[in-house]
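Chains as they are written, first to last, in the working numbering: chain B, 147 to 473; chain E, 147 to 473.
Do not rely on the hints blindly, as some may be mistaken.
All copies of an identical chain are treated as equivalent in the list; a pair is satisfied when it fits inside any one copy or across any two copies.
In silico SDA-like links for lysine to any residue, alpha-carbon gap of 25 Å or less [stated by the list, open to error]:
id, residue 1, residue 2
1, K306, E446
2, K416, I300
3, K265, I300
4, K379, N406
5, K306, P418
6, K265, N414
7, K265, W329
8, K265, P296
9, K333, G343
10, K379, R400
11, K265, Q451
12, K265, P176
13, K379, A465
14, K250, N192
15, K265, N330
16, K265, N331
17, K313, A340
18, K416, Q450
19, K265, G302
20, K265, R439
21, K449, Y273
22, K460, Q191
If you're looking for bench data, these hints aren't it; they were derived computationally from the structure.
2 protein chains.
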Amino acid sequence: MPKTNISPPSQRIRGVIAPVITPFTADLLPDQQRFITHCQWLLSQNCGLAVFGTNSEANSMSAEERMMLLDALVAAGIDPSRMMPGTGCCSVTETVELTAHAVKHGCAGVLMLPPFYYKNVSEEGLYRYFSEVVQRVGDTRLKIYLYHIPPVAIVGITPKLVERLLKAYPTAITGMKDSSGDWNNTKTFLDAFATDGFDVFVGSESFLLANMRDDGAGTISATANVNPAAIHKLYAESAVAPKTFGAVSADLERQQARLNVVRAVFSNRKFPSMIAALKQAIAICRNEPEWARVRPPLVELTKQQTKLLAADLKAIGFAMPDIERQK
Amino acid sequence: MPKTNISPPSQRIRGVIAPVITPFTADLLPDQQRFITHCQWLLSQNCGLAVFGTNSEANSMSAEERMMLLDALVAAGIDPSRMMPGTGCCSVTETVELTAHAVKHGCAGVLMLPPFYYKNVSEEGLYRYFSEVVQRVGDTRLKIYLYHIPPVAIVGITPKLVERLLKAYPTAITGMKDSSGDWNNTKTFLDAFATDGFDVFVGSESFLLANMRDDGAGTISATANVNPAAIHKLYAESAVAPKTFGAVSADLERQQARLNVVRAVFSNRKFPSMIAALKQAIAICRNEPEWARVRPPLVELTKQQTKLLAADLKAIGFAMPDIERQK
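Looking at chain B on its own, in the form it has when it is part of the complex (with noise of 0.2 Å):
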């Protein structure tokens, strides 16, 4: 494909990102103070945020919950370069209203999610719904990464699709997510389109050294939410040096291995789903039972479950790092 005139990627937000979790109060409520708090902590741990993903709980939020939450992080003193919040829903509307909400708020971009509702959709209607929101938005600070979770979502993002829109839209089109969980697919937009500065995040740390090693931006992980510095670590050393050999190489790979088991431990199917065994985790390590609350259609852990997470995180000898109380 031809290049693009695209901005160039170093002023770009890359590395580790949380799709930070959502604490709720016990009427289900955003807890706006212990989310702020988490962010922060985030912030200090190399991580960036991805407010508003899967893993938040997102879509089980309204759009106006969405944007009172990112004021409030706004106005505790979050840099919103550090930002990239998930915007896409079902309706252009709301995809247009919250997009357009977190560029005036100077966000470094926004993950979006194809409209998700109808399925079998054709490519040339995801292309006419992205053109919309670029086109309704109309602000060239606008900076989307497309956000591909067909386990989830089931309508995905395909090459033939990020072509169309790159060539259309080359400065607000700037990069994706993908959490196929297939590395074969990530390697395709890799090879297609990274080194026209298309930013690829894995979705998994689990990909994290090969896609630094194949020209990726880096990884917004679910897991960011517990491990953010060892996860960071291995991304900055492979930042630097990519395409080592011999005993650095065999330092990444053992880095690599030790994330690998920390997310096993947290993507066991014995649990309802990661979002609450993550959570779970924090309610543990902070003490904070409150954490463990999820939005339905999640449930939380049960005692039981929540007794097989405690043991299994100190059979790997796994502790988050203290969190700085900022109140």
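We have chain B already, so just place chain E on it with the hints.
Relative to the frame of chain B, chain E by itself:
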């Protein structure tokens, strides 16, 4: 299962209900006046109005847009007791807001999708979701029709879920729409719950006669937007005497066969969607090209597909009854 204290089905909406397609302006905004006119015409054809269903592109509209449209219908004098607005969103907060709004308007009921973003959620999670809705709306007038449409929502409604909900909320859970396209599934729900006053609507008029013969409540079907009178005729005649034999039965079968012929034209896989085909048919029959518009990610019919549709409608001798203008 035990008999439950359900309000008499005789006071509930039954029969043929159209999931009303939504016209858009050139800017893709909901076209209020054209929408009102279409709703008035459907009422004149003995159809109830399931505004904001799958065929209405409801999930391609914001919660605010849906509430404004419902307000406009009521302001135009449309009888709320003939309406069953779709109110199920991914977020419990938006579902509660839309549902409370419809109940306050005195609507006959609401058609409620399960939260459809997360897949493989537990029955317990869905039970909690619907429980939250019932409790938060907190209105004895609430009548929920659960919406089972697995080909689109992927997340579905199971008999076990209905059993639990009926037991907990016998007056609020009043029925369902089954758009599985699987008669055996519909029959399972009818056998389990129909005699307890749980109203089962089939999502396609192809199953209308079968449904009426098995204690069903009618149909909520897309094609009621274009073929309401004929569908209502079969409903009315089979509702009076569902278990007929001989000549009467043969006539009902003939009516059913004719409905299927009409439906097949719109289900043609050469069209991008049945929604787009229905809208195009109205555009043709009323000579109102504006009706052809859809919101992305859906796409309208191409010129060639439009020609094919017109030819197919002509071939089966299909015509829409004239719409009575109310200006």
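Against the structure, the hints come out as follows:
For the homomeric pair K306 and E446, the shortest alpha-carbon distance between copies (21 Å) is at most 25 Å, but the shortest distance inside one copy (39 Å) is not. When the C-alpha separation of K416 and I300 is checked against a cutoff of 25 Å, the pair qualifies both within a copy, at 23 Å, and between copies, at 22 Å. Taking CA atoms no more than 25 Å apart as the test, K265 paired with I300 passes in both settings, with 7 Å inside one copy and 9 Å between copies. When the C-alpha separation of K379 and N406 is checked against a cutoff of 25 Å, the pair qualifies only within one copy, where the shortest distance is 14 Å, while the shortest distance between copies is 63 Å.
Taking the shortest alpha-carbon separations for K306 and P418, only the inter-copy value of 19 Å comes in at or below 25 Å, while the best intra-copy value is 35 Å. In this assembly of identical chains, K265 and N414 lie within 25 Å of each other by CA distance solely across copies; the values are 17 Å between and 29 Å within a copy. With identical chains, the CA atoms of K265 and W329 are at most 25 Å apart both within one copy (24 Å) and between copies (22 Å). With identical chains, the CA atoms of K265 and P296 are at most 25 Å apart both within one copy (11 Å) and between copies (11 Å).
Taking CA atoms no more than 25 Å apart as the test, K333 paired with G343 passes inside one copy only; the shortest distance there is 15 Å, against 55 Å between copies. In this assembly of identical chains, the alpha carbons of K379 and R400 lie at most 25 Å apart only when taken from the same copy (12 Å versus 72 Å across copies). In the homo-oligomer, the alpha carbons of K265 and Q451 lie at most 25 Å apart only across protomers (20 Å), although the nearest pairing inside one protomer, at 34 Å, exceeds that limit. When the C-alpha separation of K265 and P176 is checked against a cutoff of 25 Å, the pair qualifies only between copies, where the shortest distance is 22 Å, while the shortest distance within a copy is 30 Å.
Taking identical chains as interchangeable, the C-alpha atoms of K379 and A465 lie at most 25 Å apart only when both belong to the same chain, with a minimum of 16 Å there against 69 Å between chains. For the homomeric pair K250 and N192, the shortest alpha-carbon distance inside one copy (24 Å) is at most 25 Å, but the shortest distance between copies (49 Å) is not. For a Cα distance limit of 25 Å, the shortest separation of K265 from N330 qualifies both inside one copy, at 23 Å, and across copies, at 24 Å. Within a single copy, K265 and N331 get their C-alpha atoms as close as 20 Å, and across copies as close as 21 Å, so both meet the 25 Å cut-off.
Only within a single protomer do K313 and A340 lie at most 25 Å apart by alpha-carbon distance; the minimum there is 14 Å, versus 56 Å between protomers. Within a single copy, K416 and Q450 get their C-alpha atoms as close as 10 Å, which meets the 25 Å cut-off; across copies the closest is 52 Å, which misses it. For the identical chains of this complex, K265 and G302 are neighbours both inside a copy (10 Å) and across copies (15 Å), given an alpha-carbon limit of 25 Å. Proximity of K265 to R439 under the C-alpha cut-off of 25 Å is restricted to the inter-copy arrangement: shortest distance 19 Å between copies versus 31 Å within a copy.
Taking CA atoms no more than 25 Å apart as the test, K449 paired with Y273 passes between copies only; the shortest distance there is 20 Å, against 46 Å inside one copy. With identical chains, the CA atoms of K460 and Q191 are at most 25 Å apart within one copy only, with a shortest distance of 22 Å there and 67 Å across copies.
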